[in-house]
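If you read the protein sequences in the order shown, they are chains C and R.
Under the UniProt record's numbering, residues 1 to 79 are what the first sequence spells out, in order.
Under the UniProt record's numbering, residues 1 to 79 are what the second sequence spells out, in order.
No wet-lab data here; the hints were simulated from the structure.
Any given hint might turn out to be false.
Copies of one chain are not kept apart here, so a pair can be met inside one copy or by any two copies together.
Claimed, not checked - Cut-off 20 angstroms, straight-line C-alpha distance, at most; resulting in silico cross-link-like pairs (DMTMM-like, lysine to aspartate or glutamate):
#1 LYS11 - GLU46
#2 LYS24 - ASP49
#3 LYS24 - GLU78
#4 LYS24 - ASP48
#5 LYS11 - GLU70
#6 LYS24 - GLU70
#7 LYS58 - GLU32
#8 LYS41 - ASP16
#9 LYS41 - GLU61
#10 LYS41 - ASP52
Here is what each chain is made of, one letter per residue.
2 protein chains.
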Amino acid sequence: MARVVVDVMPKPEILDPQGQAVAKALPRLGFEGVTSVRQGKRFELEVDDAVDDATLAKIAETFLANPVIEDWVVRRVEP
Amino acid sequence: MARVVVDVMPKPEILDPQGQAVAKALPRLGFEGVTSVRQGKRFELEVDDAVDDATLAKIAETFLANPVIEDWVVRRVEP
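Please model the entire structure based on the sequences and the hints provided.
Okay, here's the thing in structure tokens:
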């Protein structure tokens, strides 16, 4: 059994209304100094050892990220 | 300027319908061997160097995560 993390973030050129909302709210709430907030998704998968990197890449690209508007990183982590 | 990543995941005892939906769909779509999928959020912040760890912890707990149902990790990353 292996643990895999897939981080999915909006591409830099894509507007990120959720992140912007957080960034704009912080000064109003007394927290200065945060210049940018981007919000994305994090997936944690448990996969059989038989699942290879190519399969993981395909799963991430097809089902976890939207390649048009998002960048993503797949990595295996220690259990 | 420092980069900070905040990973927010549903607590283990909390149902995660989004993750379960992905996990259940994968075998149907031809991908076997994924036994669990959990979906959370990833925030990437850019903050002034003057922002200390205590402030970051407060921001994460108050605005980025829901402490009742989510666990979170704050970490500074290399730019």
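Checked hints:
no.: 1; hint: LYS11 - GLU46; result: between (26 angstroms within a copy, 16 angstroms between copies)
no.: 2; hint: LYS24 - ASP49; result: between (44 angstroms within a copy, 19 angstroms between copies)
no.: 3; hint: LYS24 - GLU78; result: neither (36 angstroms within a copy, 24 angstroms between copies)
no.: 4; hint: LYS24 - ASP48; result: between (42 angstroms within a copy, 15 angstroms between copies)
no.: 5; hint: LYS11 - GLU70; result: within (5 angstroms within a copy, 25 angstroms between copies)
no.: 6; hint: LYS24 - GLU70; result: neither (22 angstroms within a copy, 23 angstroms between copies)
no.: 7; hint: LYS58 - GLU32; result: between (41 angstroms within a copy, 12 angstroms between copies)
no.: 8; hint: LYS41 - ASP16; result: both (12 angstroms within a copy, 14 angstroms between copies)
no.: 9; hint: LYS41 - GLU61; result: both (13 angstroms within a copy, 18 angstroms between copies)
no.: 10; hint: LYS41 - ASP52; result: neither (22 angstroms within a copy, 25 angstroms between copies)
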